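Given the coordinates of chain Z, assemble chain P onto it according to the supplied hints.
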Amino acid sequence: MTARAETGNPLPLQGVAADFPILSRPVHGRQLVYLDNAATTHKPATVIEAEARFYRESNANIHRGVHWLSQQATAMYDAARASVQRLLNAARPEEIVFTRGTTEAINLVAQSWGRTQLKPGDEILLTTLEHHSNIVPWQLLGEQTGAVLKVVPVSDAGELDIAAFDALLGERTRLLAITHVSNALGTVVPVAELTTRAQAHGARVLVDGAQAVAHQRVDVQAIGCDFYAFSGHKLYGPTGIGALYGRAALLQQMPPWQGGGDMIRSVSFERSTFADPPQRFEAGTPNIAGAIGLAAAIDYVNRIGLDLIASHEQALLARATAIVGGLPGVRVIGTAGHKSGILSFLVDGIHPHDLGTILDAEGVAIRAGHHCAMPLMTRYGIPGTARASFAMYNDFTDIDALAAAIRKAQTLFGTRRAQ
Amino acid sequence: MNDIQDSLRELYQEVIFDHNRHPRNFRPMPDADHQAEGHNPLCGDQLTVYLQIADGIVRDASFVGHGCAISTASASLMTEAVKGRPVGEVEALFRDFHALLTKPADDGLPQRDFGKLAVLTGVREFPARVKCATLAWHTLHNAIAGEHDIARTE
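Chains Z and P, in that order, are what the protein sequence lines are. With my numbering applied, the first sequence corresponds to residues 6 to 424, in that order. With my numbering applied, the second sequence corresponds to residues 4 to 157, in that order.
Next comes chain Z alone, as it looks inside the complex (with noise of 0.2 Å):
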């Protein structure tokens, strides 16, 4: 990676790379181009020393012991939560719930606000553009009370009509769950804008923000949002954590939704009593070494800096729409005015599977398929895409790499043609 610094391209960020480690580590004898930062990311050193020096050096559960490694342990935890608090802007660290991930925070909500609050004809506002995680969830709870899902329409371009939008709210209207960016396309969704839409009929809004939080700065406070989920490992943190934002009157008004160890008051057999939030959603011993993890990995963001890094990635985006959409027999899936890192495409006479074994035999790392969003490529009447996805540590020798991996993967097909 030492000789990207050479390059002298023009990127925000340089030298980045070099502070994670896996990122040297060479793929069928070929530096790794790594682009698949939309299904995961890789972990600074800081994040893998943080979660390996938690267990050498302070491993206890939490909340329950009176020696001293569980203090350190608890207040480390503790601490974690605070940092996912001032990630987000929330108010106070009691609106912040640890989970796995989005997919858990999007199953709480759904399961412990949604089964107590929603009725028979109750309407739950999806849009197209959403994850299978936001979908599903809502289908199980529509399935237990009753209430039925809308959807708002995409343009071609993949944008929300919000005409549409306007349309479909309505008195009914309970909930919108949304996506702040497709993770399929890139489209970045107007949030704060359709949450005060949406609140203003009374809706509660749950924003999944699983593809954002990485790559911008978010603020809950002024998207005015319900609820906001986020994955840590797609902020550079480890698998299996995650948090859930929820709106303190809210969160205090739920009930639990799984039931066990550290969330409860008191217990007999007659009658539980439960603990408030956030320890009433978080049932047993949680994931202490990746809140810390995340808590490291926020740290890194925030040191490298938001505003950097959404640049960088925004240069990065501009040059890959130009150089590979500009590839002969290239076509870009996702055209919309504001997007994120994501470049979703086709290519003539390739599949999109055949082309990622291809273009990873060059070292080359993408995802091809449906990207979990089979009701947006159903939209688009394709199977799926191929889709490199950036982040802090990609560079535009990393575009340059994957222009040449396709026009290859062209030449083998047959289907190359001139520029």
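Treat the hints loosely; a few may be bogus.
What the hints assert, rightly or not - Computed Cβ-Cβ distance ranges for the label pairs, DEER-style:
#1 Glu83/P - Gly331/Z: 37 to 45 Å
#2 Pro44/P - Ile27/Z: 25 to 33 Å
#3 Glu83/P - Ala44/Z: 36 to 44 Å
#4 Asp6/P - Arg120/Z: 52 to 60 Å
#5 Gly126/Z - Gly87/P: 30 to 38 Å
#6 Arg222/Z - Lys119/P: 55 to 63 Å
#7 Ala96/Z - Pro44/P: 37 to 45 Å
#8 Ser316/Z - Phe29/P: 46 to 54 Å
#9 Ala102/P - Gly330/Z: 37 to 45 Å
#10 Asp6/P - Ala227/Z: 31 to 39 Å
#11 Phe29/P - Thr420/Z: 15 to 23 Å
#12 Thr402/Z - Phe29/P: 51 to 59 Å
Please keep in mind that the hints were generated in silico from the structure rather than gathered at the bench. As the structure is a prediction and not an experimental result, all values here were calculated from the model. Quick reminder that beta carbons are idealized off the backbone N, C-alpha and C, glycines included.
For chain P alone, kept in the frame of chain Z given last:
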């Protein structure tokens, strides 16, 4: 260092490209007496296999659907391979072909002449792609068995 390039050439042989570009027996069969649908939920590949079986012999075989080059070529080659064969032989070929692609080499691979199907041996080096090559065969198996469930690779 060039092992992967060799494996890639083994995988994408001219026969595969030919059958991908011009799949054989790629048509619906309105008078089929056996048919089944196959679906790989991980990648979205989808196909329908149609058969006409009379006197225990596969008289006709065809397919429609969409998928990658490996899955399309495998389905195309399969229809050519099974036409005119007794059902029992086709089922034996399915078992052997499946073993050829999935069994560890030191377990002893099936010894038989696979004909053109042998070009798919290249997927052994690409574990993520084995299911592309076997989807059509699982679907064929269901069609013969008369199972109405959709064949899945998962």
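The hints, checked one at a time:
1. Glu83/P - Gly331/Z: 37 to 45 Å: holds, 40 Å
2. Pro44/P - Ile27/Z: 25 to 33 Å: holds, 29 Å
3. Glu83/P - Ala44/Z: 36 to 44 Å: Since the Cβ atoms of Glu83/P and Ala44/Z sit about 37 Å apart, the hinted range of 36 to 44 Å holds.
4. Asp6/P - Arg120/Z: 52 to 60 Å: Once the Cβ atoms are compared, 54 Å apart, the range 52 to 60 Å for Arg120/Z and Asp6/P holds.
5. Gly126/Z - Gly87/P: 30 to 38 Å: violated, 58 Å
6. Arg222/Z - Lys119/P: 55 to 63 Å: holds, 57 Å
7. Ala96/Z - Pro44/P: 37 to 45 Å: For Pro44/P against Ala96/Z, whose Cβ atoms are near 41 Å apart, the range 37 to 45 Å holds.
8. Ser316/Z - Phe29/P: 46 to 54 Å: With Cβ atoms ~49 Å apart, the hint holds.
9. Ala102/P - Gly330/Z: 37 to 45 Å: holds, 44 Å
10. Asp6/P - Ala227/Z: 31 to 39 Å: 52 Å Cβ-Cβ, so the 31 to 39 Å window is violated.
11. Phe29/P - Thr420/Z: 15 to 23 Å: holds, 19 Å
12. Thr402/Z - Phe29/P: 51 to 59 Å: violated, 41 Å
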